[in-house]
Amino acid sequence: MTEVTMTVNGKSVTADVEPDTLLADFIRQNLSLTGTHVGCDTSQCGACCVLVDGDSMKSCTMLAVQADGAEITTIEGLATNGTFHPMQQAFHDNHALQCGFCTPGMLISAIDLATKNPDISESEIRHGLEGNLCRCTGYHNIVKAVKAGADAMRG
Amino acid sequence: MPDTGLDTDLENAEQVVIGNGIGARVRRKEDKRFLTGKGRYADDINRPGQTHAYFVRSQVAHADIKNLDTSAAEKAEGVIAVLTGADVAADELGGLPCGWGIMGKNDVPMHEPPHPILAIGTVRHVGDPIAVVIAETKKQAKAAAQLIDVTLEEKPAVANIRAALADGAPLVHDGAPGNVAFDWEIGDRAAMEEAFANAAHVAEIDIDNNRLIPNAIEPRVAVAEFDTGTGDYTLFVTSQNPHVHRLLIAAFVLHIPEEKFRVVAPDVGGGFGSKIFPYPEESVVTWAAAKLGRPVKWTAERSESFMTDAHGRDHVSHAELALDKDGKFLALKVSTLANLGGYVSAFGGAVPTFLYAPLLAGTYTTPAIYCEVKGVFTHTVPVDAYRGAGRPEATYLLERLVDRAARETGLSQVDIRRKNFIQPDAFPYQTPVASCYDSGDYEATLSSALKKADVDGFEKRKADAALRGKKRGLGFSTYLEACGVAPSAVAGQLGARAGLYESAVVRVHPTGGVTVFTGTHSHGQSHETTFAQLVNDRLGVGLEHIEVVHGDTARIQFGMGTYGSRSLAVGGEALIRAMDKVIEKGKKIAAHLMEASENDIEFEGGSFKVTGTDKETPFGAVAFAAYVPHNYPLETLEPGLEETAFFDPLNFTFPGGCHICEVEVDPATGVTEVVNFTAVDDVGRVINPMIVEGQVHGGVTQGIGQALLEGCVYDDNGQLLTGSYMDYTMPRADNVPSYNVGTELTLCAHNTLGVKGVGEVGAIGSPPAVINAIVDALSDLGVTDVSMPATSQNVWRAIQAAGGAK
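Keeping their order, the protein sequence lines are chains A and B. Residue numbers for the first sequence follow this note's numbering, so the first one is 1 and each next one is one higher. Residue numbers for the second sequence follow this note's numbering, so the first one is 1 and each next one is one higher.
Any given hint might turn out to be false.
[Claimed, not checked] Derived EDC-like pairs (lysine to aspartate or glutamate); straight-line CA-CA distance at most 20 Å:
#, chain 1, residue 1, chain 2, residue 2
1, B, LYS139, A, ASP93
2, B, LYS38, A, GLU76
3, B, LYS581, B, GLU598
4, B, LYS138, A, GLU18
5, A, LYS144, B, ASP183
6, B, LYS142, A, GLU18
7, B, LYS66, B, ASP149
8, B, LYS142, A, ASP20
9, A, LYS147, B, ASP734
10, A, LYS11, A, GLU76
11, B, LYS32, A, ASP93
12, B, LYS66, B, GLU153
13, B, LYS325, B, ASP149
14, B, LYS105, B, ASP183
15, B, LYS581, B, ASP600
16, B, LYS38, A, GLU18
17, B, LYS29, A, GLU76
18, B, LYS142, A, GLU76
Rather than coming from a laboratory, the hints here were simulated on the basis of the structure.
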């Protein structure tokens, strides 16, 4: 067992983990934050994305010990005081989710994209989201939502 | 002439309807939990004392199990039990049942081989489960699985239809000579042959409909527990139809009392058909939970999803269309071979027969149609319903053939369709392949799509593309589908072994709020919003006071679940009828409260009113009176306000429409890009345009996926080569364009709402539009056919086969 300490959604957490524990499993099982989903085993679907020190990372492809000392934001940490993050609001307004399973990873990747490229174009959004699979929406409304969310984040 | 009602232009719908009722673009009630990480999916459920299951699966396509030694695994750290086919046999468990029997030519029934939940003696596809290890942790179960010593005597396998039908091919099941499960036909062969004898032109096509892997992003999950005190079983499972799962597992597999078995399908992360059917793992964990007295959890890894979720499509067909000298269709002849996989899945027989051939008239007046279908066993995972299920296969075949007939006769793609459309005044329209269409206006969807797609401007866009070295093409599909499954009596005559009605309970609470219990299941379809809009529209209750409950057999009356775009057309109608019963009872209560005659009470705008007076009692006051019956006609009326309705439709519904795809192909590389996609669909009355658009976007993307990207590949030995997202190409955001969608409206004639269903239209209508567009783009190079998926390699090869880019 190895001790890890990280900040998750603003709270410091410390735990003993097996060295091969994936960050996704640590988040889902040790922290019971089940909003982060696992949809594949080859780092392709992106449902498990979380922000690690501000970057969208596939938490199924990272060991918990690699996140030692990091600042993690999961989907549970996006809203503040019951108010949606602008990207959550944009997803809601634009019907950018259906079954909801890919949504956590999509939101995290969308926030990462919009933070780094505030005036992002449709083409940049589409390329930027190629690491996140959605089987329901056909991406049309997700792309609209990311644009709207980026605009809202820019203020 | 059908009622053409509202012409809902989706993009402008919010200007058409205000409020929260029918036609309003209401944002979804279910969003909040999904957007904040509070959705509750099956893998989020953990039970006290839970153990974990890991399945040992066949790594070869066909073998006899010669030896299975589990002793080392049983002694491994954390292992609680290892179960095999021998235990299944010892406990006399049943196999997975087939939900629909097929009666072939000469009254020969489909061969239905046993499908044990753990292989007994023989494995028939890669992924077939051989044993299950149950341990304290998943890691321990997985590690112990490596200690199981399986000796498989590998045998020759047949991995595709053509190999399975070859002379002397190895048999998948001894009881199915030639690997044919059934040989079925529909239509009047003599009438078809006579029409062909008089044809001025015959167009022919050979079509392979590529095999697809459904790939809901949430893998399948099953968590089972057993209460040793009460004898109650509970199964949390990724299901589109929890009552169907309960019935089939209880009655056919485990032989346990249905009333002691609770099945919960919580939030489910997409289904697309693949979560309809009972699979081995769900029964195994339920059985094991009772055997061990501890909860058992199994979550599929994605590689397991690829090799064990029922696949879709996989047809090989030849079709011929007879035309007269003016281009009118005289007759259609279709011969199809359908891959069933290694076992007959729940609807494996129905999909390539009754959900396929009755659609072969499409939107056209073809007077004589004959179709024969052979269901073929192969050493692959079973094939069953995948979004569209039979209808995309029929549509692809027909719309590709019509496209080819136009090219061969010199008619335009639009003219050949217009010449042959069933006209709006011809409904009800009886086709020669059993379906009887109730309403439609195919010219309306075509002309709307032509305008939306700016087809008039295409030649200029094509010329501009040529300057950039690109070949631009335009492809059409004027499709029709049948959904809203189904009239039970008709389905029963056709071999279905279940009813296909739907149910709803409307529970009005003393404070006036409403809970709807629906037998349908939402796994992305937005029922919590759409059904709430129906309640708001009919009862005047605010959306915030309406709850829609689904997915739990302990809370909900029997229901058949969600597939075949049936939830609104069947389940929504049940809800309407339950609400009408509530209103009828409410009128009696209101009449008593207002001392008026029941006949003088009308219900309008959420209030019971005495006709011709200003007296009224709001819905909430009537609800309160029903539960606090101090002033109430107790001698003639029961207290309470809760009503149930079961609805069994008179017919299927028949959505249709026009999809127009515009592609650009790089002739040097074969790289194909969908640059415009227009879909104008008639899905009947639209309850929420935003949700309808979303269903079309998603369906079209799956259709473009089938046309350009997705293809399941087994090698000749039955090894699955496309077993991960690294090998199976899913549509990603940068593979598809933004879409141009709209609706035209004719009302379904046999439900109150006039709704037809929208879940599958996108996946049904789009693939032929895409491939027809590629053929159009490359027609001047001599290309007449491109197979799906039209990857850059396939397109490049088609160009080379035609003589290369000029």
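Each hint, compared with the structure:
Straight-line distance between C-alpha atoms of B/LYS139 and A/ASP93 comes to about 41 Å, which puts the hinted pair past the 20 Å bound. Proximity of B/LYS38 to A/GLU76 is assessed by CA-CA distance (about 8 Å); at most 20 Å being required, the pair is judged to hold. The hinted pair formed by B/LYS581 and B/GLU598 meets the criterion: a straight-line CA distance of about 14 Å does not exceed 20 Å. Taken as a hint, the B/LYS138 and A/GLU18 pair is honoured in the structure, with Cα atoms around 14 Å apart against an allowance of 20 Å.
For the hint pairing A/LYS144 with B/ASP183, the CA-to-CA distance comes to about 48 Å; that exceeds 20 Å, so the pair is violated. At most 20 Å may separate the alpha-carbon atoms for a hinted pair to count; B/LYS142 and A/GLU18 meet this at roughly 16 Å. With a CA separation close to 11 Å, the supplied pair B/LYS66 and B/ASP149 stays within the 20 Å bound. Distance check on the hinted pair: B/LYS142 and A/ASP20 sit about 14 Å apart at the alpha-carbon level, within 20 Å; holds.
Using a Cα cut-off of 20 Å, the hinted pair A/LYS147 and B/ASP734 holds, with the two alpha carbons roughly 15 Å apart. For the hint pairing A/LYS11 with A/GLU76, the CA-to-CA distance comes to about 12 Å; that is within 20 Å, so the pair holds. Restraint check for B/LYS32 and A/ASP93: the C-alpha separation of about 11 Å stays at or below 20 Å, so the hint holds. Of the pairs offered as hints, the one joining B/LYS66 and B/GLU153 holds, with about 6 Å between alpha carbons and a cut-off of 20 Å not exceeded.
For the hint pairing B/LYS325 with B/ASP149, the CA-to-CA distance comes to about 68 Å; that exceeds 20 Å, so the pair is violated. For the given pair, B/LYS105 sits about 6 Å from B/ASP183 by alpha-carbon distance, which is consistent with the 20 Å threshold. Between B/LYS581 and B/ASP600 the alpha-carbon distance is near 17 Å, which keeps this suggested pair within the 20 Å criterion. Among the hinted pairs, B/LYS38 with A/GLU18 is inconsistent with the structure: their alpha-carbon atoms are about 27 Å apart, more than 20 Å.
At roughly 18 Å between alpha-carbon atoms, B/LYS29 and A/GLU76 fall within 20 Å of each other, so this suggested pair holds. Using a Cα cut-off of 20 Å, the hinted pair B/LYS142 and A/GLU76 is violated, with the two alpha carbons roughly 30 Å apart.
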